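Since chain W is already given, all that's left is putting chains E, Z and A on it; use the hints.
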Amino acid sequence: MTVDQIIFILCAALILGSALMVVTTGKLIHAALWLVAALFGVAILYAILQAGFLAVVQVVVYIGAIAILFIFAVMLTRREMLDKGAQTRSNWWLPALLGLLILTGLVFLIIGQPAFGRTAAEMPLGVDTLRNLGMALVSQNAFVLPFEVASILLLAALVGAVFVASGNNE
Amino acid sequence: MIFLNDPINFIAGWMRGLLTGWGLPEGLTTVIIYVIGITVLIVFAMVLDILLVWVERKVVARFQDRIGPNRIGPFGLIQPFADIIKLIIKEDLTPAGADKLLYNLGPVLAIASVIILWAILPLSEKIFGVDLNVAVLYLVAAGALGTLSIIVGGWASNNKYALLGAFRMVANMIAYEIPMVVVLLIPTILADTMSVQGITQAQSGMWFAILSPLGLIIFLISAIAELGRSPFDLNEAESEIVAGFHIEYSGMKFGLFYAGELLHAFTFGGFMAVLFFGGYGGFFGLEKIGFFSWLDNPFVQALVFLAKAMFGYWVIMWIKYSMPRIRIDHMLAFNWKFLTPLALVVLVNTAVLSKVLAGLPAWGYVLGMFLSNIVIGFITVEILRAYGRKQHKVESKLSPQNTQNQEQAV
Amino acid sequence: MEKFIIWLLPLPPLLSFFVILLFTNKRKALSHGIAVGAAGLSWLGSMIIFIRALGVEGFGKQVFGSSINWLPTGSTWLKVGVQIDPLSAIVVFFVAWTVLAIFVYSIGYHNFGQPKGDHDVAGLPPQGATVTEHGHKHSVPSIEPMYSRFFAFISLFAFGMYTLVVSDNLLTLFVGWEIMGLCSYLLIGFWFGKPSARNAAVKAFMTTRIGDVFMLLGIAFVYSFTSSLSFSEIFKPDMLQALASTPAFFGLSAAGIIGLLLFIGTVGKSAQWPLHVWLPDAMEGPTPVSAMIHAATMVSAGVYMIIRMFPLISAGWTEGMPLNTTMSIIAFIGAFTALFAATIAVAQNDIKRVLAYSTISQLGFMIAALGIGAYVAAAFHLVTHAFFKALLFLGSGSVIHGMEHGVLHTGDHVDPQDMFNMGGLRKKMPITFWTFLIGGFALSGFPVLTAGFWSKDEIFAETFGNGHLAVFIVLAVAAFLTAFYTMRQITLTFFGEPRTKAAKHASETPWTMTVPLIVLAVFAVGFGWVGIPEHFPGLGGLIPNWFHEFVGGTLTELPKAVEFSWVPLITSLCVALGGLFFGWLVYRKVKSPKQDFLQIPVLKNKWYFDEIYNFVFIKPASWIAEKFTSLYMDQTVIDGLLHSVARFSLFLGDAFRNYFDKPVINEFFGDGTGNVVKASGSGLRKIQAGRIQYYMVASVTVLVIFALLYYFLIGGL
Amino acid sequence: MSIPLSWYLILAAALFSIGLFGVLSRKNAIAILLGVELMLNAVNVNLVAFWRYQDPAKMAGQVFAIIVFAVAAAEVAVGLALIISVYRRRKTVVADEIDLMKW
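Chains as they are written, first to last, in this note's numbering: chain W, 1 to 170; chain E, 171 to 580; chain Z, 581 to 1297; chain A, 1298 to 1400.
Source of the hints: derived by calculation from the structure; they are not laboratory data.
Be careful, since some hints might not be right.
Cut-off 30 Å, straight-line C-alpha distance, at most; resulting in silico cross-link-like pairs (DSSO-like, lysine-lysine) [stated by the list, open to error]:
no. : chain 1 : residue 1 : chain 2 : residue 2
1   : A       : Lys1388   : W       : Lys27
2   : A       : Lys1324   : E       : Lys270
3   : W       : Lys27     : A       : Lys1324
4   : E       : Lys260    : E       : Lys330
5   : Z       : Lys816    : Z       : Lys606
6   : E       : Lys525    : Z       : Lys1266
7   : Z       : Lys1171   : Z       : Lys1184
8   : Z       : Lys696    : Z       : Lys1174
9   : E       : Lys525    : A       : Lys1355
10  : E       : Lys330    : W       : Lys27
11  : A       : Lys1324   : E       : Lys560
12  : Z       : Lys1084   : Z       : Lys1174
13  : Z       : Lys774    : Z       : Lys641
14  : E       : Lys330    : E       : Lys490
15  : E       : Lys256    : E       : Lys270
16  : Z       : Lys1184   : Z       : Lys774
17  : Z       : Lys1169   : Z       : Lys1184
18  : Z       : Lys1266   : A       : Lys1388
19  : Z       : Lys1266   : A       : Lys1324
20  : E       : Lys260    : E       : Lys490
21  : A       : Lys1388   : E       : Lys270
22  : Z       : Lys1184   : Z       : Lys1207
23  : E       : Lys330    : A       : Lys1355
24  : Z       : Lys1081   : Z       : Lys1171
25  : E       : Lys490    : W       : Lys27
In this text the structure is predicted, and so the values were computed from the model without any measurement.
Chain W with its partners taken away, still in its complex shape (with noise of 0.2 Å):
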């Protein structure tokens, strides 16, 4: 067992199980900053798969802004809930059990595929990831359509969530 694997199945540790707890969690504030830890583990999956600007863009996207939204959300609805009672439905059981045969059929089809057995080649020297990704957001012949979608996109989310939520739409 090599340090990138213990590092791994430490990160995996941190991201399943705060993400268990996410979903079990009583307190919603809770729960929300479990999801925070959780983005993190994922962010430092990113790091070890040398995506470092997407690793960074998680920190920045899920902890600065929604990670805030949503400890904002829970804090302006918190007065009915108030964190009493059960959290989770009283038939959970279904839910667990579809999301254990859908884990346990996607475990199953990954084990069968061998060449996900594989491991990853070496970085190849002179590539500039962070340039490619650049140039590929922007370049005609790559992704600038959808790259621009996304932006209209998030535009019209803005418009449409200050919109909602403004509460002057009586």
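Frame of chain W; chains E, Z and A shown alone:
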């Protein structure tokens, strides 16, 4: 002489030899060396932090025409250590109804969000934590963690002032993050890289502060807002919400918030030095002359860097102790209606000009960039003046004194 | 650089059309500002192109042009593009000038700056407004109610014309051609409240359509033969050789048939016999329209197109050889039209109709010249004619305008277009008089000074020099008649004493109308001097025969300049001066139509062509439509068939309804299904909890079940 | 890099299943959105892992991950706005109580 030229690698090599000599495996050695390196960096930052307390108090005193701490040790240098001892032995209170885990997590996150920034601060060409190729973005990401620490601390205190302070702080940070990100792109464009080493080296001939003075000013303003220092210190506005998000904290937990803020300010001074003042280098080509080649020594560079960072820190303090606090709505309006658009204009200007002027000789490039900034600044000031005059007219029309005059005239 | 300008040439008028139509319809000043501005932009571009073209040595061999792939046709592309060669450069030159002049003229013509009319409605000419000035009322001209729309239409027209001229292929040329046809229709029927204008519009549209259909056939034929529509492809020497040597129908070669089909397009567009009938009626439109569309540009476009296609028509023919069939037909129709229209023109009393027939006649001159292979002469006359005929039309519009002013002033309702109601206007309208005189002299071919002389002289020289005597004589007679009716018109309109009160009170028109007149008058005089033949006695060689060199360069080999001969020159002098003299002599005393000995019915009624067409085509067509198709076919046969089908269907429907629909469908299937659905619905509605997570659980469950089934039954991935 | 690709895929599958469980079982609408975020992250882990293991010179995997970021941000912004709006009118964020659309 090797130690003097490349201290970090020298020590690392020596330790690697030592540890592998003890029979430790290669991988474990690497991990141990990294852990030691990180620890040293953190210790360095924290010791510096203690000194900063003294610096802050001395400088404030001078601004306010006082002497400052002067009893314990020469020039009161021992004063901060005494303060620390006091904080440590104070009673550590946890309010009733507080969320214990989060309440304790808050200060830790606060200081951690600052310390992780030191990983990318290049003290010199050879002394640095790590040279990330996304360092500029990393700066923003660390800011996000800072936001999180404050909201966690404010929420967990179970105190309405704390929560209000946290809300204000978050609104503040999220808002001012936008001009900050935009303006961070200016050094990125000018240096054609996001790595801080690259940005520093790109400034060996000319500081970006001269190529983009407006970018520097916007960065400074949004950095102050990000720090939550006066005039943007609404998160702890004493007259309104007592002490804001850290109202319930006492003892060393409060000390961590306080130390975090000071170190954060100094770190931003450092980033200002790196992004706009050439970091550890930037002697306008002086170091290439044989007589001045000692400027390339890592320790000299580190000293230069710390001096520049201290200058930035001093500017932030200068502003803090000379400006009154502004109102929350004014602060947000200032950001959304003025700073963000201006930052975008400056960014577009820089991006376009850096391509347009690329063919010119160096002096033409620098002059063009500088003049374009001056022109934009002039136009901005003129627009603000026109707006101010209009505002003034409207207000004078509405003011009671004026109405009285009119009534008398009638 | 030039390429971009050429691409951009047609654009300003098009933008102007849309902007006026969509945004500035209510703002009159803005509308004409935009339209004139757009025309000005195109004018500027045209001048730049023209001047640059002058600077290129041997321009005919290295033209400006560029093309883009437009429509994929199998493995190849249909290309569209623009091209300016010497011929189109010269056409762009006069189009730009006349279009700009007429745009400006239209401002004054539609009474811009005058008050709104008292009873004016959209679709009728303005009837005048009453204003009170210094305490007493009087009538003044009123502004056109559809002012902005007019400028939108003429802008669209200008777009069509520019498109046609800059095209490097038959396809876009045809597009421009059809846009102009549409605009012609819209503008002739601009005052659609007048039944005569309506009918004239329909007539013009239908008549030119006949030509256009044949032209489209010709284009299709060209494409099927050469797989290309661009001129440079078609005019390649081996392509022309192949076209000329391939026999097609009626003993003609492919080139001949194509040329003939395209020529029929020209016959329609340029109003040649036998499709000439629409042009005189088109004078129902506003005068700027008559000047621009029906004198200077659109009808010239027909001639332009056939000149452009000259290499195709003359494929296999070289100078000095006997004419091929197509060219003979073209020469015959041109010469015949020239004479025939001239005879009608001498008997018309409407000032604009005289000019209309004169236009037909002059176009005949060009066609005839082209038919005998005088390429340069035809192009030369095209340009000079465009200038002086636009000038004459605008002058006549100015006269009518002045007369209308008199009519409104006196309240005396006389026809302001009838020349017998005028007289003595030279003192009332001096600028109009002098410019009209210049235009008229140019049309008559007044020697040496005027442009018309030089271009007409070149046609005479070519016909005579190449031995086409019959054509020469016919054209000479036509030229004599031209001079004669021109002088008749000038004499009746401007000389003598006013014959009505309205003529007495006519007044000069505003500067927006007179300035274009002066500009065009300069060209009507000056443009002839660029084409003085080298061997002309006295003047020849003083100025190099620039026009011949420049335009001739379009062809692969420069056409030979014809040998100088005294016969055509003297003929030309005689017919011009003689016609002018006789015209003045006969009409200086004439006071009313009764004293006019040329008011003979056959000429007055245009050789009864309208009546003949009415009898031969329109009556039978309506008879077939009304009697045969409508009464017999439609009402008896088709309707009867339909009625019986309907009756049978009714019977069948009834049977189905009573014996099948009601018992089986309605009660069993219909109500039965309804009941089943209702029952199951009320049972199933319990699952419709409205709770999203129920739905999600259900869908995920189904997904898992199907995945398992898929895996185990079909196996693997 | 001595980690097999399948480890990443199994981790992503597990994360996805946990997220799915959260979405299906939690009462609070905000908690459901938290589950959705976990599922989106599982997808992103897969995308980035395949990018790294397939051909790092082709950026499609990272680009898709970035677009997923954008979509996630948009989804959270609109979703939370809706929840807050619903909360204002109905004083509840329990998904089962937001059932005006049922029969």
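Evaluation of the provided hints:
1. Lys1388(A) x Lys27(W): It holds: about 19 Å lies between the C-alpha atoms, which stays within 30 Å.
2. Lys1324(A) x Lys270(E): holds, 25 Å
3. Lys27(W) x Lys1324(A): It holds: about 12 Å lies between the C-alpha atoms, which stays within 30 Å.
4. Lys260(E) x Lys330(E): holds, 24 Å
5. Lys816(Z) x Lys606(Z): violated, 51 Å
6. Lys525(E) x Lys1266(Z): violated, 67 Å
7. Lys1171(Z) x Lys1184(Z): holds, 18 Å
8. Lys696(Z) x Lys1174(Z): violated, 40 Å
9. Lys525(E) x Lys1355(A): holds, 27 Å
10. Lys330(E) x Lys27(W): Distance ~19 Å between Lys330(E) and Lys27(W) Cα, so the pair holds.
11. Lys1324(A) x Lys560(E): Roughly 54 Å between the alpha carbons, so the hint for Lys1324(A) and Lys560(E) is violated.
12. Lys1084(Z) x Lys1174(Z): With a Cα-Cα distance of about 22 Å, the restraint between Lys1084(Z) and Lys1174(Z) holds, given a limit of 30 Å.
13. Lys774(Z) x Lys641(Z): Violated: Lys774(Z) and Lys641(Z) sit about 51 Å apart, past 30 Å.
14. Lys330(E) x Lys490(E): Distance ~26 Å between Lys330(E) and Lys490(E) Cα, so the pair holds.
15. Lys256(E) x Lys270(E): Answer holds: Lys256(E) to Lys270(E) is near 24 Å, not above 30 Å.
16. Lys1184(Z) x Lys774(Z): holds, 23 Å
17. Lys1169(Z) x Lys1184(Z): Holds, at roughly 21 Å.
18. Lys1266(Z) x Lys1388(A): It holds: about 26 Å lies between the C-alpha atoms, which stays within 30 Å.
19. Lys1266(Z) x Lys1324(A): It holds: about 20 Å lies between the C-alpha atoms, which stays within 30 Å.
20. Lys260(E) x Lys490(E): holds, 28 Å
21. Lys1388(A) x Lys270(E): holds, 28 Å
22. Lys1184(Z) x Lys1207(Z): Not satisfied, since the Cα-Cα distance of roughly 34 Å exceeds 30 Å.
23. Lys330(E) x Lys1355(A): This hinted pair is violated, its Cα atoms lying about 51 Å apart.
24. Lys1081(Z) x Lys1171(Z): holds, 14 Å
25. Lys490(E) x Lys27(W): violated, 39 Å
Violated hints, in rising order: 5, 6, 8, 11, 13, 22, 23 and 25; the structure is consistent with all others.
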